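Chains as they are written, first to last, in the numbering used here: chain Y, 13 to 359; chain D, 7 to 272.
If you're looking for bench data, these hints aren't it; they were derived computationally from the structure. One thing to keep in mind: the hints can contain errors.
[To be verified] If you anchor each label on the Cβ, the simulated ranges turn out as follows:
{"hint": "1", "chain 1": "D", "residue 1": "E27", "chain 2": "Y", "residue 2": "R260", "range": "21 to 31 Å"}
{"hint": "2", "chain 1": "Y", "residue 1": "T270", "chain 2": "D", "residue 2": "R80", "range": "19 to 29 Å"}
{"hint": "3", "chain 1": "D", "residue 1": "Q132", "chain 2": "Y", "residue 2": "R299", "range": "30 to 40 Å"}
[Claimed, not checked] The list that follows gives simulated cross-link-like pairs (lysine to any residue, SDA-like), each with its CA atoms no further than 20 Å apart:
{"hint": "4", "chain 1": "D", "residue 1": "K61", "chain 2": "D", "residue 2": "P44"}
{"hint": "5", "chain 1": "D", "residue 1": "K61", "chain 2": "Y", "residue 2": "F73"}
{"hint": "6", "chain 1": "D", "residue 1": "K61", "chain 2": "Y", "residue 2": "D252"}
{"hint": "7", "chain 1": "D", "residue 1": "K61", "chain 2": "Y", "residue 2": "K86"}
{"hint": "8", "chain 1": "D", "residue 1": "K61", "chain 2": "Y", "residue 2": "R263"}
{"hint": "9", "chain 1": "D", "residue 1": "K61", "chain 2": "Y", "residue 2": "T58"}
{"hint": "10", "chain 1": "Y", "residue 1": "K86", "chain 2": "Y", "residue 2": "F73"}
{"hint": "11", "chain 1": "Y", "residue 1": "K86", "chain 2": "Y", "residue 2": "I43"}
{"hint": "12", "chain 1": "D", "residue 1": "K61", "chain 2": "D", "residue 2": "Q91"}
Predicted model only: the values in this text are computed from it and were never measured. Heads up, the beta-carbon is just placed ideally off N, CA and C, and yes, glycines get one too.
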Amino acid sequence: MIRSDPSRTRTLSLGPLRLRYRRRTLVTGAILAAAAVVLGLAGMQTGTISLAFGDVLGALFGQGENRSIKVIQKIRLPRTLTALGVGACLGAAGATFQSISRNALGSPDIIGFTTGAATGAVAQIILFDAGPGATALAAVAGGLLAAGIVYLLSLSGGVTGGYRLVLIGIGVGAMLTAVNTILLAKGDSDLAAEAHLWLSGSLAARNWGHTVPVLAAVVLLLPVLLALSRNLNQMEMGDDAAQALGIRTERTRILAMTAAVGLTAVATAAAGPIVFVALAAPQLAFRLTRSEGVHIGTGALMGAVLVAGSDLLSQRLPIQAAVPIGLMTGLVGGVYLLWLLTRSKQV
Amino acid sequence: MEDVLSGRDLTIGYDGRTVSEHLDVVIPPGSFTAIIGPNACGKSTLLRALSRLLKPQAGQVFLQGKDIGSYPTREAARRLALLPQSSTAPDGITVADLVARGRFPHQSLLRQWSEEDQSAVSAALQATGVQDLADRTVGELSGGQRQRVWLALVLAQDTPVLLLDEPTTFLDISHQLEVLRLCRTLHRTGRYTLVTVLHELGLAFRFADHVIAMKDGRIVAQGAPAQIATPELMKEIYGIDVLVITDPATGGPMVVPLEPEYSDAR
């Protein structure tokens, strides 16, 4: 049974379950999910051999020429799933941090976590050169370490403040960028070139080894954030109001930040630093759903759409070399950031 | 009536800075209590301790006879509501949605809404006179309307104890009266114990039926407005000379600060 009440929020009753939803949010989510699937399939058409849409679908289910089945299942499907998963990770993480910091700029790529992951990866490549697996691990470690430092520095009286988090994050991020540059300048030139490539963020040559951790992160951590989103919503009214309503604010914050940092780190480990998706996806989701609060679900879907869309663009643009996806999102997202900065009252 | 809210031997403060020591306070059940006193006397700190937002360094707060810290925090939130000094309405939220957030302690992940939630929200919108604004966004309201909406959120929480931290700050006189008249109406239903921190003496003595006067973290006196509104106590608490007259509008006490250069006028 579906009933409306004075607000735009509706209630879905299923046995003892009573779930609250907004129709606009559901419809937006469904459209974004469909868009993500279509963009993903379209992306799988492109490559050294072009495939018709029907051939892609067939190959996914093991139908058609052996060669296309192999190309799709071994090469293009993992790449596409990585793109969608990375986008979902970044979108959900961005939504979480923007909610916690109550600031559109409070996204992991602005407040140093993505840079921290990059520092880990670059240090691994330049100093140890132990292969792609180690690079991914180092990126995760670097992201977590940067997040820990930002968190501890922004603690004031046992409470993490919004502005503090953003400003300290930007400061830590700037320092880590310098560290990255030093590492690149000091390192062996071949290794530095490899690190450079990693730093531009890429989905090229992703295999199931990249895909599985990303999908695992989505499956394990996204539900945690979705479950916490009711608390996060209340915390947007301020800590006092949320605590008075029976929320353990600092515990919620630590749990949500840990999950979001995990998502960011895994995504960065898989595809390198893909910027602006975490910043833009939740904001776009907010504008499309016209709904207040934290946009974990729609933010994740929007992130998937943005990354899959950018990947498709970077493959199909009529320029000689394929533009790495990290630079692509940087170009598009930079424009968006400028727009945000010029119209924001808060910054 | 049994003990509703009290503090026993409270030592409270922030980060090693102690604001109050060995404070004993009993909020009379069913009262409309106003806590008054000069700036930084510990009024809001006491309210935060009573609302469990600030854990006392020593001593205990009792809510309905039990240590407030022994309740699960959501359970406490079903018995006691707090309107903090400043809260932020999320961007673009409607009045009805904001008020509905007061139902949080009555809900769970799998049971996010019920008939009771619906009727509590409607009743709260009605009681605060904002039902016609239900579909408006909070951002487009006036200061007085907005404060009534926050009060509606607290009422929707459906608790017998309401704590309001300076609910009239930043409001002009008409909105101050609007909010406090609403509090008085709530008080007269007999269903609530109300505790407010108030800066305006005139309003405190006019609307409250029990006044707690604080200075330097201590409770100097408490009682009915007529017992607190005396020249001696006002001198002690605020260091000012006042004349206490009968409020021509209500028949209650009214304090009028004296001006030395007009002393002949008396």
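Structure-based check of each hint:
no.	hint	verdict
1	D:E27 <-> Y:R260: 21 to 31 Å	holds, 28 Å
2	Y:T270 <-> D:R80: 19 to 29 Å	holds, 23 Å
3	D:Q132 <-> Y:R299: 30 to 40 Å	holds, 33 Å
4	D:K61 <-> D:P44	violated, 23 Å
5	D:K61 <-> Y:F73	violated, 60 Å
6	D:K61 <-> Y:D252	holds, 13 Å
7	D:K61 <-> Y:K86	violated, 58 Å
8	D:K61 <-> Y:R263	holds, 16 Å
9	D:K61 <-> Y:T58	violated, 61 Å
10	Y:K86 <-> Y:F73	holds, 13 Å
11	Y:K86 <-> Y:I43	violated, 28 Å
12	D:K61 <-> D:Q91	holds, 18 Å
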